[in-house]
Each structure stands twice: as C-alpha cells, then as structure tokens.
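Here is how the chains run, residue by residue.
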Amino acid sequence: MITWPNFVSQLFNGLASGALLALISSGLTIIYGTLGVLNLAHGAMFMLGGYAGYVAYHATGSFTIAVIVGAAFLIVVGGLLELVVVRHFYSRPPEDQLLVTFGIGIVIVELVRLGFGSLSKTVLPPSWAMGVTPMGFLIYPTYRIVVTVIAAAALAVLYLVLYRTRLGMIVRAGIEDSGMVGMLGINVYRVFMVVFGIGAMAAGFAGIINAPVVSLTPDMGDSILVETFVVVVIGGVGSFPGAILGGLISGEILSLTSMIDPAYSEVMLFAVMTLVLMLRPQGLLGMPSRE
Amino acid sequence: MLSHRPFLVEGLTALGLVAAPFILPHLGFAPNTVDQILVWGLFGIGFDILYGYTGLLSFGQSAFYGTGGFVAAYLLTNNLMSSVMLALVIGTIGAAIAGIAVGIVALRRTGIYFAMITVAIAEMFFFLENNPLSAWTGGENGLPGVPTPRFTLGHFSYHVGTGVSMYAFMAVFYFIGIVLALRIVRSPVGAIFSAIRDNPQRARAVGHAVGFYKLTAFVIAAAYAGFAGGLLGVLQGFMPPDAFTFDTSGQLVMQTAIGGGGTLFGPLLGATVWLYLRDFLQTTFHLGAAWKLVLGLVFVLLVCFLRRGLIGGLRDLAGLVAARRQPAIADTGPATDAGAALASVGPSRRRQEQPFSGPVLEARGITKSFGGIIANRNIDFAVEQGELRGIIGPNGAGKSTFFKMLTCEMAPSSGRIIFHGRDITGMNVDAVCQLGLTKSYQVNQLFARLTLRENIVIAALAERRGRFSLDLLRRIDRVPGLDMQVESTLALVGLGGRADVPVARLAYGEKRRLEIALALAASPSLLLLDEPLAGMSPQERAETVQLLKNIRRGRTLVVVEHDMDAVFELAERITVLHEGALLAEGTPGEIQRNSLVQEAYLGGVAAA
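Line by line, the protein sequences are chains S and L. Numbering-wise (my numbering), the first sequence opens with residue 1 and increments by one. Numbering-wise (my numbering), the second sequence opens with residue 1 and increments by one.
Don't read these hints as lab results, they were simulated from the structure. Be aware that a few hints might be false.
Sample of chain L residues with no beta-carbon within 10 Å of chain S, all distances over it, derived [unchecked claim]:
#1 Val9
#2 Ile97
#3 Val119
#4 Gly211
#5 Asp242
#6 Leu275
#7 Pro359
#8 Gly372
#9 Glu409
#10 Thr425
#11 Thr451
#12 Gly466
#13 Met484
#14 Ser537
#15 Arg573
#16 Thr587
Across the chosen pairs, the derived CB separations fall in these ranges [said to hold, decoys possible]:
#17 Ala30/L x Val149/S: 53 to 63 Å
#18 Leu8/L x Pro241/S: 54 to 64 Å
#19 Leu314/L x Ser91/S: 18 to 28 Å
For every residue, glycine included, the Cβ atom is placed at its ideal position computed from N, Cα and C.
Build the full structure now, drawing on both the sequences and the hints.
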C-alpha cells in the first residue's frame, strides 16, 4: 500500500542507502581516476571495515572508537596493498589489474571467513542512536538518520580534502595526467599510496557505520561491489561528483522500487544503468574520452 | 601458435579425453569431478575466444551459462520436450540471443567499463531468475529433476546413466566444442579477433568492421556458455541457481587465467587445477573452507609472476629452448627491383568498377574547430589520379588535423570530402578504407603480438573479404589470393626474410616499413602517408624514399613530411598549409620561389 508516510520514509531510506553508496563509490572512483586501476577488491574493503569495527567495538564497547579504529585500519590495509601488489601493475594491461585485485578480494574474504566463520555477526548502534525519532507524521529509526548524517559528513570531508588541500590538488591533477604530475617533481607513488588508502578507507568507513543496520558476513562485499559499479557507470567513472549523484540516484531507485515490489528493485537499478549507457555512454557527469 | 600440422591438436585432444577416465581417478579425482572439469572447460572455450583471443574481459559470463542451463532445464522438467539434445540446442540459442542483446549494450564501451557493465548485467539476470521469473525457474531452489539423455536409433535405444556413459557424453561434446573452436581461431575471423585484441583502432583503419567482430566473439562466448550450462543441468540432474552468480563468472575468469588465456585449453587446465585443489585440500588436508584461501593466494601469485598462466609459462619455456637452435635470418632490405611485386600488389582490382575522371580526392571548404580554436579554416584541396602530392607546413599548421579529416578519423566542422566522386564525409574509417583510401600513421600502429606476416595478413584480409564476413569455419589459407597478396607486399617493402618474426622483435626501421606495408596490403587506390620518414637514420631514410618511389607507380599518394629534401625530391605538386589555412600550391620549383612560403618558414628573413 503506498501511503504518504510510507512514501516519505522510503524516500529517507533511499537517501540513507544512497549516501552510503555514494561514499563507497567515491572511494572506487578516486582510486580509478588517479591510479587508473579498477579495484575489484573494493567490496572486500567494505566488508573488512565492518569486521574491523566489530572487533574494535567488542574490545572497547565504544561505537565511536570502533569507527575510528576501523577507518584507520583500512587506510593502512589500502596503503599496504598499493605498496606490495598494485604498484607493480601500473604498467601492465588493465585486464591484469582486474585479475589481481579480484584475487586480492578473494584472499581477504577467505581470511575473514577463516577468522570469524561464515555465520553473521551483529554490531549494535550506539545507545544514544537507538530507538526511533518522531518526524511529524512519521516515525523514523534514529540510527538511519545518524548514518545519513555521518555519510554526508564523510563525503563533505572527502570533498574538502580533494578540492581544498594540496594533496587534493595533486590527486585531481593526477586524474587528468599522472605522468605530467610525476614530471613536475612530485612523488606520484607516495600520492598513489595515500589515494589507495583513502579510497579503501571510504569503503571501510561505510562498512562500519552500516554494520548496525545489516549483519556482517564475509560475502557481503560482493553485492555492494556490483552496486558500486552501477553507481559509477551512471555517474561517470573517475568523477567524484558523479559518484555522489550516481549514489543518490541508485539509492532512491532501490528504495522507491522496493516500495512497489521489492523483487524488481535491483532489476530496475540495472535497467536505469542500461538506459544511461544508451543515452550518455560516458555517464551523467563523466567526460567523453575517459576509458 | 597452435601447431601447423593438420589435426595434430585434435588428435591429441581425443587421445587425452579417452585416457583421462583411466588416469585421473588414480590421481585422486572423483569421477563426478572429471565431468565437472569438462563442463567448465567447455564453458571456458567460448570465454577464451572472447578474452584470450579478442581481448574482451567479461566478468558476466554467468548470465549466459544460467540462461542456457535454465532454458534447457525448464523445457525438460516441464515435459515440453523429451529430447535432451534438442533442449540443449534451444538453450544454446537462447543464450546466444541473450548474448546479442547484452553485447549491443556492453560493447559500447571497452576496458574496465566493459568489465563493469558485464558484471552488472549478469547480476540483473541473477535477480530476474531469483524473483520475477521464479515461477519458471524455481527461484532460489533451482529446477530439480533434469533427465539424462536417451538416444534411439530404430529398435536400439541407449540411455546415458551416470559413470562412464555420462563421462563419454560430456567428452564427446567437449571434443566437438574444441574442434569447432580450433576452426574458428584458425579462420580469418579468428585472425581478426587477435588483431582487435592488439590494436582495435588499426584493425578498423585497415577496413574491418571491429564492432561486428566484437559482437561475434561475444555471441560465440555466450553460445558456449549456454551449452555448458545445459550440460551442467544434465550432469547434476538439477539446475542450480548459483549458475547465475558472480562467483560463477569469477571462477571462470580465474580458471582461465590460471590455465592461460589465448590457448583454448587454458580453461580446462585451470578447471582441473581448481577442482583438484578443492577436493584435495578439503579431504586430504582437512582444510575445510580454507581451501579457497589457498586457491586465492595461488591465483594472486600466478597473476603476479606467471602472467600468461600455466600453458603460457610452459610455452615460454619451450620458446627459450627453441630460440637457441634457431639461426637469425638477415633483413633483405627493401626491394630495388620490385617490378614483379608491384604487378601483383598493384592498386585495388576489386574497386575500380567504373572509369572515373576528375580528382581522386577532393576537399571542399573544410573547417575544423575545437572549441574556440580553429585548426583548419576553409581548405580547398584536390588530388588528381596518379599524382604524388606533398603537404608541408610549419609545426602547428594543422597538417595532422587535415589528414585525419581526409581519412574520416575525424569529422570536419563544416565542408565536404569527396572520394572518387562520392561524398565520404562522416563515414566510418573502415568503410572509407574499403572504398580504397587508407593511411599509414606517424606513430606506428601495429599488431604487437602477431608476427610481421600475420600483421600483413590482417590488412590483406580486409581487402579480400570486405568489412565484415562470417566465414568462421574457413581456413585462413583458403582465402583466395591472400597468400600472393601477402607475399608480394612483403617483397615490395623488402621484409620477406623477416616474415615470421614477432613485431616486438623488429628494429625501428623495419617497424616503420611494416607500418607502410599495412596500408599497402589493403590495396588502396589512394594512400595517405603521415610522416613516413619520422625518426629514421640517413640509411633508413634513403631506403624508404626508394620504397615510396616504387609504390607510387599506379597509385595516388599524398605525403605529409617534415623532411623538405625528400618532399621536394618526390612530389610533383606541393600544398603548403600555414596557420590552419591553405597558403600556396604548386610544383616544387614554384613553391621554392614563393615568397609567402619563405616568409612562413623563415619569418621573412630570406625574402630579401
């Protein structure tokens, strides 16, 4: 039954999942934009963030610490991956990059499975964010609102880093032409390492704050990875604003379609992606020549 | 390359398939595992044609595996059909049709975009199977009760059961699959697939309709996947919904990479390693779920250090041994007496349908602007039949832009381009090449992983077969006239002695001559040469000038060149571009005396 409160609450749900998707996708897209590598282990990063938060939460009992520890852990993991493996693939064909990051994703998933088993784990939201919040004519789960706000804040921080700092300027210049940036005397490799770390952190951060909403399983990254692809294809690969726009659109499509019939929500998402591809192959905010 | 001996590979495959059920169980393979390996191997043959040969890495093959499997299983379990064979064929056709639809969308992009789109579309298939179509597909329960095949011939009837008869059933189809695939990769279409993998732009420029060939590879892969999916249902007596999952596509990609892409047998070997490790690690080492971790690590290491898979690694090893025995063959240098060669390569036979008078190529008022910058301004240009025209101009004069518009690599902002009296403005590069106009590039555009001869074969095939032809089962050496055309092109550019050397091992001057040979092999009536002498040593330069003198007989040539001595030596007429516009046109003598030209080049100093 479609009623006004129902519609508005689905709109909010779409905003919440859209903001999360935007956060994860922006990580994927800045890595691709800067390094030219499509990280197929990005879904595993999202999952790993959730588990890192879970461990920290159970050790300290503090949700805030869990978020900080989890995010810090992911930036280290991302940086190490770039240093140890990904760095050696910049000069190899893109297909090899896909293969190796795909393999890394499997290794991470299986390591987590080995450590935590296949059964799902749950993380409780912080006590102050439990329960529901009355919002005029509808009552909405408080934590969903919190997730939306945190994800939006994280995106804002990412925006500030990308567009208002020296590092961000180098990253954006690297997206245009990383070879030239190197020739200007900037140590591109160190920038690449940091960017990979930040990209992984974006996914991991989303994984932690999303943990109280869903339950954690080692395979949870797979479907997220696919949705992230759809987001960046819609928004334009390599475009940070595109990732945000694509994320919000995808979130709303998923949640509004599931209001009518949940069975079709994912199908609708892919149908929209196909439509975008036919009408604007470079994505809504992508540049035409970007391959 | 696969062996040149006829039927050697086919024979060895048959032998291996017969011997496998006797050998593998002793190595610890369960009989059912061996059957599964064959299904994965067959699934992988099509994928290898797509990825290993054509260079398109799809992470969405599960869509077709599932489609073929569920169509066949649905027909059989609902008693709509009693013949298992017929159901398998219909499933394959269904998968191929899905392949056409998906291919049209996914092939709009290349590289990582293509990979992402295939993943997303395959997920859509999974969700469709799982929810909206669950009344037909059983949703997450799949379709149980898929019957095993029964063959009837008169009074004799044979029922395929489990065990050896099931293995034989699978092995026969694997064999048919591999024989067909070998035919395909040895056909002209197979050669063009490899060319597309190496350099799609050049494959298009020599006259192949690259988009259609990519779609062909995609549909072939989908059909193989569909058939293998059908076999999976028959083998297990049950069609599982996980055929549609991302895991399935991922496993296929990994198995192919482990075994080695571009080999056809790589996926089979990869599946053997994969399934063996799965059984072995789980039962013998009691690793339980951790087997996949070991496998993932093995895979990552393999991608890092043995980039062409196990078969590729073995082949490199064999190549190292063979290279020690092979003496180097010296370059013969360009043919100075190329009369015989010229006669046979001469300009296009096919295309000169009617005698034509007037200019061969004409540009009428073409202008190109990029945003506010005008690169070419209102240029009028005409080349007569048999002429050798030089185009010169200082750096930034707009020569490259002008050239790109003449070959239709770039559309003019306004103006028309007329070739043989026909307006070609806005046509595709491959179609223009088919009309008899092609160019050699300033920066070499070669098919890097093929040999010199194979490179020329690709260009000659476009001339022999047209833009697109589906002769999937024809042997490449049965293309009429191909051999002669390739040999005479080789002789003409003086690379005959180096024909079987991979392009990567050629010297720069040789690559430069191959670059021209690629354009020549397409038998153009009008050949545009973009700085043919760029980066050459004095010796190579003299040889190439001689080569240009040889090839101009019977052809119309337009040469853009910075080497003034060469242009003034070769050209009959010279066109000078300056600041995007036509500055002067005339014989070399007239151009030399032209004060406007002197001013453009020397800033007016020499005018005095």
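Outcome of the hint check:
no.: 1; hint: Val9; result: holds, 25 Å
no.: 2; hint: Ile97; result: holds, 17 Å
no.: 3; hint: Val119; result: violated, 6 Å
no.: 4; hint: Gly211; result: holds, 13 Å
no.: 5; hint: Asp242; result: holds, 12 Å
no.: 6; hint: Leu275; result: holds, 16 Å
no.: 7; hint: Pro359; result: holds, 34 Å
no.: 8; hint: Gly372; result: holds, 18 Å
no.: 9; hint: Glu409; result: holds, 14 Å
no.: 10; hint: Thr425; result: holds, 21 Å
no.: 11; hint: Thr451; result: holds, 20 Å
no.: 12; hint: Gly466; result: holds, 28 Å
no.: 13; hint: Met484; result: holds, 35 Å
no.: 14; hint: Ser537; result: holds, 28 Å
no.: 15; hint: Arg573; result: holds, 37 Å
no.: 16; hint: Thr587; result: holds, 41 Å
no.: 17; hint: Ala30/L x Val149/S: 53 to 63 Å; result: holds, 55 Å
no.: 18; hint: Leu8/L x Pro241/S: 54 to 64 Å; result: holds, 58 Å
no.: 19; hint: Leu314/L x Ser91/S: 18 to 28 Å; result: holds, 25 Å
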